[in-house]
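Chains as they are written, first to last, in my numbering: chain A, 42 to 535; chain B, 42 to 535.
Hints listed in this document are in silico derivations from the structure and should not be mistaken for laboratory results. Be careful, since some hints might not be right.
Which copy? The list can't say, so a pair holds if one copy fits it or any two copies do.
[Said to hold, decoys possible] Calculated lysine to any residue pairs in the SDA-like style (CA-CA distance at most 20 Å, straight line): (1) K211 <-> R263; (2) K372 <-> H208; (3) K372 <-> R117; (4) K375 <-> D187; (5) K211 <-> D437; (6) K372 <-> R80; (7) K211 <-> Q269.
Each chain, written out:
Protein chains: 2
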Amino acid sequence: MRMLSELEDGEGMDSVLRTLARDLDVLLGGDRVITDPVRLRTYECDGLTNHRATPGIVVLPDSAEQVAGVVRECVRAGVPYVARGSGTGLSGGALPRTDGVLIVTSRMRRILEIDIPNQRAVVEPGVINLDVTRAVRADGYYFAPDPSSQQICSVGGNVAENSGGAHCLKYGFTAHHVLACEVVTPDGEIVELAADGPGYDLLGVFVGAEGTLGITTKITVRLTRVPQTVQTLLAAFESIEAGGRAVSAIIGAGVVPAAIEMMDALSIEAAEAAVNCAYPPGAGAVLIVELDGPEPEVAAQFADVERLCRDAGAFEIRIAADDAERALIWKGRKSAFAAVGRISPAYIVQDGVIPRTALPQVLARIDALSAESGVRVANVFHAGDGNLHPLVLFDDAEPGAAERAEEVSGAILDLCIEHGGSITGEHGVGVDKARYMPRMFTEADLDTMQMVRCGFDPGGLCNPGKVFPTPRLCGEVPGVRKGPHPFEGKADLF
Amino acid sequence: MRMLSELEDGEGMDSVLRTLARDLDVLLGGDRVITDPVRLRTYECDGLTNHRATPGIVVLPDSAEQVAGVVRECVRAGVPYVARGSGTGLSGGALPRTDGVLIVTSRMRRILEIDIPNQRAVVEPGVINLDVTRAVRADGYYFAPDPSSQQICSVGGNVAENSGGAHCLKYGFTAHHVLACEVVTPDGEIVELAADGPGYDLLGVFVGAEGTLGITTKITVRLTRVPQTVQTLLAAFESIEAGGRAVSAIIGAGVVPAAIEMMDALSIEAAEAAVNCAYPPGAGAVLIVELDGPEPEVAAQFADVERLCRDAGAFEIRIAADDAERALIWKGRKSAFAAVGRISPAYIVQDGVIPRTALPQVLARIDALSAESGVRVANVFHAGDGNLHPLVLFDDAEPGAAERAEEVSGAILDLCIEHGGSITGEHGVGVDKARYMPRMFTEADLDTMQMVRCGFDPGGLCNPGKVFPTPRLCGEVPGVRKGPHPFEGKADLF
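My request is simple: use the sequences and hints to build the entire structure.
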């Protein structure tokens, strides 16, 4: 065991943090408290790399009791804390605080129970998303949420961000696949939140709260039966508009595909440069449509989808004959974000939602924005549910380019709001989009959210600075309740 | 317009209520404030008829602004209030208070918008559940939640109770079909809560909160496409155990029926007495299985279901050839609750949940309970999701019978909890089951729910006395936060 004095190595640690680090080391034992600046720096950001902060202290607990203990120590010391899974989030939800503690769940990586008859598994938060599927695949099941990072992201992080993925059109987000969470509340209590029980659905509000209402330490996930069959096609169109018509026709026909993904010319170009996916040359847009389910249904609907794509103007349609061909079709799409690095020195991954029916107008407006500003925008999106992922390209060596890209990126969110959509589909608000919240919500709406936050976390120490644009001290939330307490002298009301 | 002095007719009204009634009359105008004792008495209970209380005042607002105004007046006067839709709830969630205001939404009955391309409709809370379906049926859509009371219950009530129905096995509860709610918060603000937006999923916690977090004044519901085909069968078994084996086999085969309902011999007897449904004579249990969806899928799976029922021991299987035959099959099931009145002077409708796999054990235990106590129990249940509705029969003219029935009814809930289930599947906690909450939740779990309630409603005036067994004054919730406020002097933390 290390000497406690080693913990003082952290240069520039203030005395509160230094004392806290010692207390945490006593509490946790083992090599579970990091204060060494070099090691701390490896945690300075999550997937949103343009926001960085070296955490004051990092802890690596390996049980719910340890997490609860850390939270209690933080509360006692008045020090803020942030939880982190694998750090793949794209909105900075796990951005640490230099004056706080980062609670990393990577040592809590056990699959605790697999219950096939009841189609559920119980896992610790650090378990990797894809490892859940690996553990139950032989029984014919899988864990449905499939963010692109599923090979490395953690289930705890999926819970915090309510992660989606290409297949959430049919299967829903993480919230639809979590049955219960054990949670360490912001006052260090361990509670159990469950779906569909009596009382308030606190599980629903916890999932997707971006780590601001507590830290999950055990997750009961729903297992989904592997579909009897999967069919995938790639359709090439001359334009995004033609692809959009196909999407509308497919959804309008009552088909619920497992996924409908669209890529525009620029993102196809990037994917080709990176992974040679050999999509049909000359395509202004490609559409990937995947159906899954019972064989007779899929066969009938797949024929419809093919016809509807042709009717909408597809000039080439490729149908995957086997898993290898399916993987090839998906390869371009799955590599698209990273591939953009081949055609641009830097880029912003935007994430917004519009009603599906507004796709053509909004894409035309994005085109116009790009033309006016000279900023290139590559479009990759979950077309079925209107979740856009515009990639805004810029050269970070060029003065002012980053700012112009930011401007275009923000203008795209304004377009989403203007069309009745949302500033985030699946990446979360985090630190990245807190400033856009007032464009989407009234002050009263935001105050209602803050009331819940203050209910859970009156001290404001649990992942502060995320989600809300102008956090208030609890008690500051305005409203009628600022007047004389209506309950005064009415203790018999209940 | 009535004279304000007429409002003083309410006998025994205390001066606070009398003043409030006048203020509300000035605020609302028209004939929207009821203080006449005879009219008030018509609102004394909802579907849970063994709890009654004449409301102090009844108001009939017809807009969100009026609801907000009423709430603000109540807060100002320190008077509790309760919202009520059609009053069909079975757990007393809309039980009024003699010292409070009952806000009845029956005049808010407009369907405001139907948006077929985006598969949604916007309705006021007083709109009758089935009227949503009636309004969109011609377009090939329907509103999926189907509580047995759907001909009279209101969408606002469905939201408060997160109502289910026979088809929620496949289609989910009301929460899965509500996209947004306009809500008057307990401090009289009008806010918009939406699903899948950024920030907290407050819609999820609001739906099913049994009217304790505010009053919905506008609901955006998801419309579901009418399935291409529906197939229904009735299978008769010698015993509940055999029927249970069929249920397990069907679910285990990966089939997701729209509904699987089971009735035992006693409930079949009651249904026969009431509606002559002509179920196969001598059945110890009948199972109704309904499949819906695309024709090829339903045809293939329906053949499987029929075979699995025979394998489990069905001695007779009837397949509905058309809608009339389907209605006949459902007639017995849908009338079962009321029908029990034909074979027993009085009965309690219980509502509990167990894991589907525990069905055989729990039903055997209920049988034993019934035999030991001499209290007859008829079992009707949503077998697919383990939602039991035992009907506990008694003769209210017999001294002590009601108490014995209550005891058996409570023991059934204990069985549910013991098997990892829940004290309510779809009827809610209300006043009826608040006392059972501590059997299912730890104090810390309940405190976490109370924190949310206190966040929304620090004054405790919004439907007090429901859901929670031992409501606390806000500020009394224990925990670390009782110590020195951890946030003190840390305003720069955010």
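Checked hints:
{"no.": "1", "hint": "K211 <-> R263", "in the structure": "both (15 Å within a copy, 15 Å between copies)"}
{"no.": "2", "hint": "K372 <-> H208", "in the structure": "within (15 Å within a copy, 39 Å between copies)"}
{"no.": "3", "hint": "K372 <-> R117", "in the structure": "neither (50 Å within a copy, 62 Å between copies)"}
{"no.": "4", "hint": "K375 <-> D187", "in the structure": "within (11 Å within a copy, 40 Å between copies)"}
{"no.": "5", "hint": "K211 <-> D437", "in the structure": "neither (38 Å within a copy, 51 Å between copies)"}
{"no.": "6", "hint": "K372 <-> R80", "in the structure": "neither (35 Å within a copy, 69 Å between copies)"}
{"no.": "7", "hint": "K211 <-> Q269", "in the structure": "both (15 Å within a copy, 18 Å between copies)"}
The structure fails hints 3, 5, 6 (numbered hints given earlier, in ascending order).
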